[in-house]
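Trainee: Fit chain V to the given chain W structure using the hints.
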Amino acid sequence: MSFLVLRDVTKTFGTNPVLRGINLEVDLHQVVCLIGASGSGKSTMLRCINQLETVDSGEIHLGGDRVSGRGIDVDALRREVGIVFQAFNLFPHMTVLENVTLAPVKVLGFSKALAEERGVALLKRIGLDDKAKEYPDRLSGGQQQRVAIVRALAMEPRLLLLDEITSALDPELVGEVLNIVRDLAADGMTMMLATHEMGFAKEVSSKVCFLHEGVIHEEGPPEQIFEHPQEERTRAFVKRIIDAGRL
Amino acid sequence: MEDLVVPVPHATRRVGRVLTYRKAATLSLLFPPTGIPAMMHSLRAARLAREGEIESARHEGERARDWSWYSVGFGLSVYIIAFLAWLLLTNNHAVAQVFFGWSTMTDGGAWKSLLKGFWINVQVFLIAEVLVLVWALVVAIMRLLPGPACKPVRVLVTVYVDVFRGIPALLVILIVGLGLPQADVPFLGDFSDRNYAILALTLTYGAYVSEVYRAGIESVHWSQTAAARSLGLSYTQTMRHVVVPQAVRRVIPPLLNDFIGLQKDTSLIGALGVLDVVSRARFVNNSKGTLTAYSMGAILFLLVTIPFTRWLDWLIRRQQAKTLAGR
Numbered sequence: 001m002s003f004l005v006l007r008d009v010t011k012t013f014g015t016n017p018v019l020r021g022i023n024l025e026v027d028l029h030q031v032v033c034l035i036g037a038s039g040s041g042k043s044t045m046l047r048c049i050n051q052l053e054t055v056d057s058g059e060i061h062l063g064g065d066r067v068s069g070r071g072i073d074v075d076a077l078r079r080e081v082g083i084v085f086q087a088f089n090l091f092p093h094m095t096v097l098e099n100v101t102l103a104p105v106k107v108l109g110f111s112k113a114l115a116e117e118r119g120v121a122l123l124k125r126i127g128l129d130d131k132a133k134e135y136p137d138r139l140s141g142g143q144q145q146r147v148a149i150v151r152a153l154a155m156e157p158r159l160l161l162l163d164e165i166t167s168a169l170d171p172e173l174v175g176e177v178l179n180i181v182r183d184l185a186a187d188g189m190t191m192m193l194a195t196h197e198m199g200f201a202k203e204v205s206s207k208v209c210f211l212h213e214g215v216i217h218e219e220g221p222p223e224q225i226f227e228h229p230q231e232e233r234t235r236a237f238v239k240r241i242i243d244a245g246r247l
Numbered sequence: 001m002e003d004l005v006v007p008v009p010h011a012t013r014r015v016g017r018v019l020t021y022r023k024a025a026t027l028s029l030l031f032p033p034t035g036i037p038a039m040m041h042s043l044r045a046a047r048l049a050r051e052g053e054i055e056s057a058r059h060e061g062e063r064a065r066d067w068s069w070y071s072v073g074f075g076l077s078v079y080i081i082a083f084l085a086w087l088l089l090t091n092n093h094a095v096a097q098v099f100f101g102w103s104t105m106t107d108g109g110a111w112k113s114l115l116k117g118f119w120i121n122v123q124v125f126l127i128a129e130v131l132v133l134v135w136a137l138v139v140a141i142m143r144l145l146p147g148p149a150c151k152p153v154r155v156l157v158t159v160y161v162d163v164f165r166g167i168p169a170l171l172v173i174l175i176v177g178l179g180l181p182q183a184d185v186p187f188l189g190d191f192s193d194r195n196y197a198i199l200a201l202t203l204t205y206g207a208y209v210s211e212v213y214r215a216g217i218e219s220v221h222w223s224q225t226a227a228a229r230s231l232g233l234s235y236t237q238t239m240r241h242v243v244v245p246q247a248v249r250r251v252i253p254p255l256l257n258d259f260i261g262l263q264k265d266t267s268l269i270g271a272l273g274v275l276d277v278v279s280r281a282r283f284v285n286n287s288k289g290t291l292t293a294y295s296m297g298a299i300l301f302l303l304v305t306i307p308f309t310r311w312l313d314w315l316i317r318r319q320q321a322k323t324l325a326g327r
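Residue numbers (our numbering), protein chains in the order written: chain W, 1 to 247; chain V, 1 to 327.
With the rest of the complex left out, here is chain W (with noise of 0.2 Å):
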């Protein structure tokens, strides 16, 4: 059995079916990339995934355990799947190094010591240590959005997802936030994108999936996706890509 399995997964806002049936499988330290139109149902998927979101229907299985639907232990599983929001959401209160070590502190349960000694760490890989200090606001998108990813690596996730996670940066600062993505993939990260860097998602998928009104239209290499998709709405929503000048 696969390492995550979405099982006829739907969801429904209001009258707004957003996924309506979604099937896939995702193997330990692949890199799987969603694309797709905006409301084609990414980010629902996403969340739905670490369970931000309730399924309304369907399954979703993680190492082997049903962590969707009723009675499951949600912080639990929260700790195993990190999530990077498009927005960053860090927390402004509080210093970049106090975002890091809040959740290993609270939810681990590790001292303040080794918390911080293991962020100042993660601050470092990614050039930030000097900033552990400063609040949030001082930070450009690009310093937001990395310190946002270390937040949640700071919990050692064992699958992380990410959610246009440089749709809200500036063009010059996109390249910094990939760079890090590209990293964690090269250390064998499970990883799930929803994404409209289709350069990148060719880069460093195993898999893409290209979602279309709450269904995942086709999937395969990222080689198929983009060379030979072999559906008529995949080779209609690349070509608008290709088109843009977007890949």
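These are calculated hints, taken from the structure and not from any lab test. Even for Gly, the Cβ is constructed at its ideal location relative to N, Cα and C. Hints are supplied without guarantee of correctness; some may be wrong.
Here are some chain W residues pointing at chain V (derived, C-beta under 7 Å) [as the list claims (entries may be wrong)]:
1) D75
2) R78
3) R79
4) I83
5) H93
6) T95
7) A103
8) K106
9) F110
Mentor: Using the frame of chain W, we list chain V on its own:
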């Protein structure tokens, strides 16, 4: 389509027009010290404009406007102060005698008595303030408990807030301070009058302040909660470490407002027979045949409230400088 294009009269489009601020300068003459310069600049602007010296004319017009604004600021203030001074001196200094009687103002015994009373007000304020801060937060959090299961709690708390916000503080003090001991309510039947006053003020202001807290908590964007929960923090931990700290920071100014109100409403506790500053001022006034002791009590309140306000303003500014760089 052509109907949409209404020609604008050429005259209204003259960007090069010189503004002389003649009407403002004329009104400014009501306060001659600044009104006269305003008018002079305005006249000069008009003359230069006629002579074709547009740049100089604009410069003069600008100064006419500046002087007109000075007339508003200084003129209004001077006339208001003059009016107040006239009030004090009117009726052969009667107002000054009643409110600021010299013999009472310089009476050390009177001050001593008032200070003794004021100390009780300060005690009540300080203790009630701490209780209000805690109690109101508890109320706010109970009112925001999620889910259908907690609905009864939410309703109960909402009723409390509605009721105690709706009753005047003086009535709550009388009901609590006279009613509870008379009915010999369990646990609450034998407080001192001062403690009943504290209880009553805490109940009243707790209702107000809980609404301030609630607004603050609701103003913290849900994405902050999403971020905290996604890291594995529980609902309680998220409130404790992420939502409430941000909420409290945001509501400090309105909170401060309510505390000044609380400080002032400690003047109502005399209704229970507590010898606070107001009761003592009344004794002094009765024996001296003046109202000056009330003014002295007011001065005592101001001596505390004004520095308190400034200190909190300073705290807020310092906090903002720390976390809101470049905004």
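Trainee: All the hints need checking, so say for each whether the structure fits it.
Mentor: Verification of the hints:
With a cut of 7 Å, the hint placing D75 (chain W) at the interface with chain V holds, because the nearest CB-to-CB distance is about 5 Å. At its closest, the beta carbon of R78 (chain W) sits 4 Å from a beta carbon of chain V; the interface hint therefore holds under the 7 Å criterion. The beta carbon of R79 (chain W) comes within 4 Å of a beta carbon in chain V, closer than 7 Å, and the hint placing it at the interface holds. The restraint placing I83 (chain W) at the interface with chain V holds, with a minimum CB-CB distance near 5 Å, inside the 7 Å limit.
Here the hint on H93 (chain W) is kept, as its CB sits about 5 Å from the closest CB of chain V, short of 7 Å. For T95 (chain W), the interface hint is violated, since its Cβ never comes within 7 Å of a Cβ in chain V; the closest pair sits about 10 Å apart. For A103 (chain W), the shortest C-beta to C-beta distance to chain V is roughly 4 Å, which falls under 7 Å, so the interface hint holds. Taking 7 Å as the C-beta contact cut-off toward chain V, the hint placing K106 (chain W) at the interface holds, the least distance being around 5 Å.
The criterion of a C-beta within 7 Å of any C-beta in chain V is not met by F110 (chain W), whose closest approach is roughly 12 Å, and the hint is violated.
In this structure, the earlier hints numbered 6, 9 are contradicted, and the remaining ones agree with it.
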